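Student: Put the complex together from the two separate chains, hints included.
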Amino acid sequence: MSVPNISAFYFGAISLILIGLYAVLVKKNILKMLIGLSIMETGVNLLLISIGYISGKSAPILSEGIEPNQAVDPIPQALVLTAIVIGVATTAMTLSAAIVLYKHYGTLNVEEIRRLRG
Amino acid sequence: MNGQYASLLIALPLLGAFFVPLIKGLGKKAIKTYVLIITAIQTGIAAWVFQQVYSTGKPIIVMAGGWRPPIGINLYIGHFAALFVLIVAIASFLMAVFNFKAIDVEPIDKYAMLFLLLMLGATGMIATGDIFNLFVFMEITSITAYALTAYNKTGEAAEASLKYMILGGIGSSFFLIGVALIYGATGTLNMAQIAQLAGNIDPTVAQVGLALIVFGLAVEAELFPLNAWAPDAYQAAPHPITAMFSAFVVKAGLYAMARILYLMSSVGTWHNVLKLLVVMATLTVVVAEFSALRQRNVKRMIAYSSISQVGLIALAFALGTQAGVDAGVFQMINHAIIKALLFLGVGYVAVQLGGADIENFHGLGRKMPVTAFGITVGAMAAVGIPLFNIFWSKLRIILATVEAGYTWAAFLVLAASVVEAVYYFRLIHAIWFEGEGERISESIPLVAIVVALVILVVAIGIYPNYLWSVSQKAGSDIFNVAQYIKNVPLMGVGA
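Chains as they are written, first to last, in numbering that gives the first Met the number 0: chain V, 0 to 117; chain D, 0 to 494.
Because the hints were derived from the structure by calculation, they are not lab data.
Everything numeric in this text was worked out from a predicted model, so none of it was measured.
For glycine and all other residues, C-beta sits at the position ideal for the given N, C-alpha and C.
All the given hints hold, so there is nothing to weed out.
Sample of chain V residues lacking proximity to chain D, with all beta carbon distances greater than 10 Å (derived):
| hint | residue |
| --- | --- |
| 1 | K27 |
| 2 | N28 |
| 3 | E66 |
| 4 | N68 |
| 5 | N108 |
Covered stretches of chain V, as calculated for chain D (at least 3 residues, CB under 8 Å):
| hint | segment |
| --- | --- |
| 6 | 34-41 |
| 7 | 45-57 |
| 8 | 80-86 |
| 9 | 91-97 |
Excised from the complex, chain D in its bound form (with noise of 0.2 Å):
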């Protein structure tokens, strides 16, 4: 089959919001169904399509309307982005099923529409080879991001929503401003045309330019200091919406960051923009942990360790070295799982038992024991015990920290790891030794993806080789620069 099939990827989401009006007499169920099945079909061509590069090692190019690049915008599926398409479309799919027990509340049209939009614009920002489509796609994302974590109607959501408005439109002008000084100095927008110009910049327009998008897409990536949005837009989105905001459109956000970096790093000031970025990711990890140990509302208390992690991730793509790239990749698809998890169980103690505080948790073992040992699982593979899959990725992540010179961020993440390990045992230790209560029965299908998101925690955590293997694949394409330039195929003007 033709490689230029994968632009269904984009189109099929987009044409599915768009026909979700037409089904809206059929009732609230239609609607849940629709979407299951439009991100079932999505998930499909996600695997057709990691099957394709992953078997033939060469990236997808999609152009759009057949304008060569850098005429035309192009769409770049290499291992990296066939990688995390699937995983948005597998997390979507999830979501979509635990979105039957959920969500209540009407509109449930516009619901089903923004949640398309938001697996859209994620998808977008991870295939997309040009910086300016990168922008609407983010804007697509995180507006919908928006409008989704208000969805509740109450005065907390709105309240999350406009913080996170206020913030996210700072940083999109901040990436705008960024994309003019690059787009000033080197007169293109494609990506992997700018990777060939970048050694001619300035060193200080690229240096600039390249920090302000950074800044930029910090918001959206959850770095401190413009993460203040994150916990309470987690804590106020309905609960599918926050292991969708967990599981992707962070790394969404982060993947962005890595290959505008990463792309520029044969400018002569490069250095720079990675010191901040490796002090601002450490203090990221530092500052959330911390905050997480005085949360009483549990799903605050994994927001605030989902950002820490999404630290630990930045730190290693801000590392600069290869290993340190493909342990970012790897602790990316360990999180995703991971949190997948823990917000679908804490999401679905809290439509059970109304509300995610963690009184709610006490005597959880006795009540719901299947989610409760799901989320008991998470706790314990986000810590970062052998056996567990984020185990693997951190040991990476620390010593590719080490080897690139920059001791004191090791000692700093792994001290605020002791942190984590206190907080998710007093979890625990709610969830299984606190409090009595009468067995609650289970939804089918909720426990199996449960039990399927555990026995893959398990599994990766034992055999990380085969996935290991894929982040490193992963991994170059973001790494590999002049490989990157090369799959692209640029027609020579303006060059």
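So here's chain V without its partners, still in its complex pose (with noise of 0.2 Å):
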């Protein structure tokens, strides 16, 4: 199997950063700003799991016939693991929060939801 050159994980890790930044600046609605986070934490795990890649290793599991030198860092592996983990807990805290926010004001847009300002 032959595997793209690390140049192109770390070029779609940063596009899929953009795509995500763009979308939660930009967008008006707010599950639409919700899921560009998802996207940017998403490019952000892949990043680290570039980080730790070595070309041609394999996973870093110890298993019959996989030497520790002939695997790929693991570190990377688990704080991906961890952020997985929080970011879940993030968005699930962030959608509540948008549940709550539509039950008192009716909407999503973010232009409408202005009571606190100054």
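Tutor: Structure representation (structure tokens):
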């Protein structure tokens, strides 16, 4: 199996981050902003994984026939697992806040949700 | 006693939070008492750690699971962390007392859990010696902070919380990208080892990584332009939580920023990041002071004032000199005391009189004299009048700023102080010289806390020397990176 050049992963990760950032900054609908946030998180996770990737090495699971020096760096993978869990918690929190917001304001448009200002 | 017991600082609030559901059936009062007890024990442990660190002069290094760093994650409780863990615990304890009066909305058990986790998160951020562990604690802090902001269940609370979440989400992603870049360049996540290897990183990578981390933490540290969430969240959150935000959650973010900044001080392009931070901090001070001037809601006004003071601390840290860091730490301590006092007083008034609008403060001097007195002292101290504690730290920050060659920043900060004086004196005028009112009986424990904090403010204002020497020790803990590296028993791998 041929794996694309490592720079492809970096390119993909950065594009995902920028797409997510664009959605958060530009979109007016809160749900779309939250989706943007998730896309951004995915991009960061991909970036972390790519940093630990070594071309041609296997997954960092200790099994028969795979020596420690034949596996990719396991630390970024552990980091990403943690980051994914945190991301899930944040997404759940934001969505529940969006539900409460919709109950009180009857809209998800950020331009209409402006009781606090100044 | 063995220094490893310091890990109880993390374990106790975590276990305490998990046991809240067990006592849920005993009623509201039992839960609030339980939180009070846990925070009191935490204060005791923190005081022991403080005494231990300051009497031996050596940091306590807690190694998780007995693995030596950088393989294992370590906690580093040096002069700074010992001091601030104590402040976190004391502030939480005082607010646990305030909970009895201020919190009535159900579900109290969830509130208690989040309250303890917020304390845990801030403690962890201050104590940890691992940059990814710092990220995890930061997320614990911010997720509980999001939930607590929305706790009152009003539309405003949900709005403030959502704003906070979106900015916080962007911030934590930026932070993680920065961590990824630094990990990619050094191959380690241990802070001491990062400091050791920082000189070898490609300067451009280090600069971008550091700038991303600073931006990510700027959300927690409430620096302009990423602090739009802060006034809303301060206004909408329950009163004790507002005081906690201001007294230590923002401090944890600032500390993390300062720590990582100085760890990377051997990087060639370091001064560019410092300049960026100086500009951000000065803008924070100026913008927040002018926004505070227009506020009708006193809680929101004090929130803006808190942001401006935080900008002052960030300015002190961004100077890159020993004097600046010391002054910043001193200001952090004073700010924690003042803002705990002010938010406690204002929150108590809002609970008693149904809202924190300025109209409710008319005639407060007759209605609630002790609380009004506390707010007045807090306001005068925040402006920076001599004989009160902030005077000394503001003076030292401005001197350090001029010394470091940023005369324009010192000038802008001083000009902003004049604006601060205007709105605080307006508040004092409203309290003492406008409106009439009947005396309302004030709760004894809260009055005791207010008086104790007032005495502390004045005592530090008259005898600043002891606290200044403590701040100097804590400041050199951040500034003297070589000593930091030496203190952590790194195993010789990968370096």
